[in-house]
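Novice: Below are the chains, spelled out letter by letter.
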Amino acid sequence: MRKRLISALLAGIMTVSLLGCGGSGSAGESSDGSSSEQTSAAEDGEEIIELTLSHNWVEGSSGNGYIWEFIKQYEEENPNVKISTQSLGHDDYEVKIATGIAAGDVADIFEFKGGMLVNVNRNNLAIPLNDILEEDTEWADAFRDGIFNDMTTADGEILGFPVEFAVTTVLYYNQEILKEVGYDAPPEDWDEFLGMCDELNAAGYTPVAFGNAAGWPVESDMFSKYANNMTGTDWFWDIKYGNGGGFTDPEFINALNMLKEATDRGMFNEDINTLEYSLGQQLYFDGKAAMLMDGSYAIRNILDGASQEIQDATQVSFFPYDADGKGEAKAVCGGCGWGVGINSKLEGKKREVAIDFCKRFFGPETAATKLEWGAFPATKLDDYSNADPLQQRYLETIVDNYTDLAQCYSVHLPTNLINVFYNGLQDFMSGNLSAEDYAKEIQAEYERTELK
Amino acid sequence: MNDRHRIKLRPSVIWAYIAPGLLWYAFMVIVPLCIMVGMSFFDWRSVLDNKFIGLENFKELLGDRIFRTALWNNIKIILICLVGQVGLGFLVSLLVNSKVLKFAKVHRVAIFLPVILSTVVVGFMWSIVYNNDFGIVNAFLRAIGQGDLARSWLDNPKQVVFLLAIPLIWQYIGYNMVIFLSGLQGIPTEILESASIDGANAWQRARYVTMPLMKNTFFVVIMLCISGNMKIFDHIYIMTNGGPGSSSMVLALYAYKMSFGASRFGYANAVSVAILVVSLVLIAVLKLVLKEEKDA
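Note that the protein sequences, when read in sequence, are chains P and D.
Just so we're aligned: the first sequence equals residues 1 to 452 in the working numbering.
Just so we're aligned: the second sequence equals residues 453 to 748 in the working numbering.
With beta-carbon atoms standing in for the labels, derived distance ranges: (1) P:Glu450 / D:Arg517: 16 to 26 angstroms; (2) P:Ala103 / D:Arg517: 23 to 33 angstroms; (3) P:Glu352 / D:Ile735: 54 to 64 angstroms; (4) P:Asp264 / D:Ala654: 51 to 61 angstroms; (5) P:Ser307 / D:Ser570: 27 to 37 angstroms; (6) D:Ala602 / P:Gly305: 17 to 27 angstroms; (7) D:Leu514 / P:Glu352: 48 to 58 angstroms.
Calculated lysine to any residue pairs in the SDA-like style (CA-CA distance at most 20 angstroms, straight line): (8) P:Lys440 / D:Asp516; (9) P:Lys440 / D:Leu513; (10) D:Lys610 / P:Glu270; (11) D:Lys511 / P:Gln443; (12) D:Lys511 / P:Glu441.
Rather than coming from a laboratory, the hints here were simulated on the basis of the structure.
In this text, a Cβ means the ideal position worked out from N, Cα and C, and glycines have one as well.
Throw the hints in and build the complete structure from the sequences for me.
Specialist: See below:
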C-alpha cells in the first residue's frame with residue numbers, strides 16, 4: 001500500500017512538473033515586453049522582421065559593450081524589428097564561427113575574422129558590399145584608408161563592414177621602470193632595445209610581459225611586425241594572393257630568427273608559452289614587467305585592470321626596428337581584424353533592414369560612442385577630447401604617425417594555414433624546431449591552401 | 453532458475469523491446485563512426501569544399517611530427533596511469549578494505565570525491581597548483597626555503613606529460629578503488645582465513661590469494677584505463693592546450709585542433725580513425741596476454 005502511495009505521489013510530481021514547464025514557458029513569453037510590442041506592431045499591419053546577430057562582444061564589458069545599446073536603440077526606433085543575439089567570448093566564438101562557416105550555417109548578420117574570408121567567399125555566405133559603398137560615397141569616405149583590406153577578397157569584393165580599427169602591435173612601457181635603468185623611452189634600434197632588456201633583467205624586471213598559451217598573442221601582437229620589418233609589405237600581399245614568394249624565403253627566415261633572438265635573450269617572462277593572455281598582461285599591471293607588446297585593444301584592459309599609478313606611468317611607442325630589413329620603421333600591423341557580414345540568404349525587407357542596421361552602427365554616426373566605450377572606431381576621428389588620457393596618448397603617438405599599415409598574419413591568412421603556424425610557433429620558440437624546418441612546415445601547408 | 457518461472461517471449465517481441473535502444477545506439481555511435489571513417493578519405497574543408505583524396509590523409513599522418521608526438525604522449529600517459537591509477541588504486545583498495553585502517557568510510561569518501569568533480573574544474577585547479585606566481589607547489593618550496601626549485605612547472609617540455617598525468621591519477625584512483633573493492637568483497641573470507649591459518653602474512657595473502665582471484669577485475673580496470681586515456685582531452689585542453697609547443701599534445705586534442713581550429717575536418721577524422729585503431733590494437737594485445745597467462 002505504501003509503495004503504491006509513493007508511486008502515485010511520484011507520478012503526481014512528474015505531471016505537475018511537466019505542467020510547470022509549459023506554464024513557465026508561456027509566462028516567459030507574455031512577460032517579455034518586446035513580444036507585446038510586436039503584437040501591437042503586427043496589429044498595425046506591419047510585418048515583424050526578426051534578425052539574428054552572432055558576435056563576440058560581451059555584454060557590459062568595456063570596449064565592445066556598446067553593441068547592446070545600439071541594438072536596444074534600433075529596436076526602439078523600429079518597433080517592427082527584433083534582433084536576437086548569439087554572443088560568446090573571443091576565443092570560443094572564433095571556433096564556433098569558423099565551424100559555422102565550414103558548415104555553411106551562419107546567422108543573418110555575423111561577425112567573422114579576416115582569415116575566414118576565403119571560406120566565406122567560397123561558400124557564398126555573405127553579400128558583397130561594393131554597391132552599397134559606391135552608392136553612398138559620403139558614408140564610405142568616412143572610413144580610414146585601408147580599413148577594408150581585411151575584408152576584401154582576391155577579386156576585390158568587400159564582404160564585411162569593418163567594426164573597429166585596431167593596431168595589433170603597440171609597445172606599452174612603464175616609464176618609471178625604464179627610468180630606473182636609465183632610459184626615458186625604449187630605443188628605436190633593435191640591438192639597443194635588446195641591450196635595454198638585458199639591463200631590465202639584471203634589475204629584476206621582466207622586460208616584456210607576454211601570455212602566449214593560445215598562440216595568437218605572439219603571432220598577432222608581435223611576430224607580424226617583426227615579419228613586416230624583414231619582408232616588407234609587398235612580399236605579404238604576394239603571399240596572400242598567391243602571386244609569388246614562399247615561407248622558405250630568406251626574408252621570412254630572418255623574421256623567425258628575430259623572434260628567436262628576442263626569446264633567447266630573455267626578452268619575455270619564462271612561462272610565456274603556457275601563460276594565459278590576460279595573465280601575461282597581469283604581470284605588467286602588477287609592475288613586475290617593464291613593457292607590454294600588445295594590441296590597441298589592451299588599452300581597455302589596462303584601464304580596467306591596472307592601478308592608477310601604472311596607468312599614469314604607461315606610455316606608448318612604436319616597436320623597435322632592425323634596419324637590415326625591408327619594412328618601414330613606423331609601420332604598424334592592424335586593420336579591422338573582424339568584420340560583419342550579411343547572410344546572402346536574406347532577401348527583400350530582411351536584407352534591407354540588415355543593411356540599414358549595419359550601415360548605422362558600423363559607420364561614422366556611432367564613432368564618438370565607441371570611443372567613449374574604450375573602442376576605436378573604423379572611421380576617421382578628429383576629436384579625441386572624449387577619450388581617456390591613455391587612449392589619447394595612443395591616438396596621438398601611433399595612429400597619427402604610422403607610415404604604413406602592415407598585415408596581421410592571422411587576419412589575412414586562411415585558418416588552416418595560420419593553425420599550422422600556431423602549432424609550430426611554441427616548439428620553435430622553445431628551440432625544439434629549427435627556423436628552417438618550421439618554415440618548411442608552413443610552406444607545405446601553404447602549397448595545399450586555396451587562396452582565392 | 454526454474455523453467456516454470458521463466459517468462460517466454462516470442463523473438464519479435466524481444467526485438468521490439470531492444471529496437472529503441474538499438475536504434476538510439478546506431479544513430480549515436482555506429483552511424484557517426486561510419487561517417488567518420490568515410491570522411492577520413494576526403495580533403496573536407498567545408499560543405500561545398502571537399503574532394504576525395506583516397507589514402508592521402510593517412511600518408512600525411514605517418515609523416516606528421518605532431519601526430520607522432522601525440523601518439524607517444526598517449527602511450528606514455530597510459531603507462532604512467534597503469535602504475536598510478538591501477539597499481540595505486542589496488543593498494544588503496546586493499547588498505548581501505550583491511551581492518552588496520554581507522555575511519556575507513558571517511559577515507560573511502562575522500563578518495564572517491566575527485567571522481568565526481570568535473571574534469572574542467574580539476575584541470576583549472578591543477579593549473580593553479582602548478583602556476584609559477586601563485587601556485588601551491590612553488591609556495592610550498594619557498595616556505596621550506598627551497599625557493600630556487602620553484603619554477604613554471606608546466607613550461608618544461610621534458611616533464612610536462614608526467615606532471616599532467618598526476619591530476620589524472622589523483623582524480624581516477626577513487627574510481628578504480630571502487631571497482632577493486634567490489635572485487636575484493638567478492639572473495640570468500642574463508643579462503644583468506646585458511647591462508648592466514650597456514651601462516652601467510654598480509655603481503656602473501658594479497659599476492660597469492662587476492663590477486664589471482666581478481667584477474668577479471670584487473671582486466672576490466674586495465675581496459676578502462678587504456679580506453680579512458682586514449683581519448684583523454686579535457687584536462688590537457690584546460691591545463692596546457694597541448695603546449696608548450698606540441699610537447700603535451702594528445703590524439704584527441706590534435707583531432708579537435710585540426711577540425712575546429714584548422715577547419716581540416718577530413719584530416720581530423722583520419723586522426724580519429726587512428727585513435728580507434730590504436731585503442732583496438734592495445735585492447736587486443738591485452739586480451740592475448742591475459743589469455744596466455746590463463747593457458748599457462
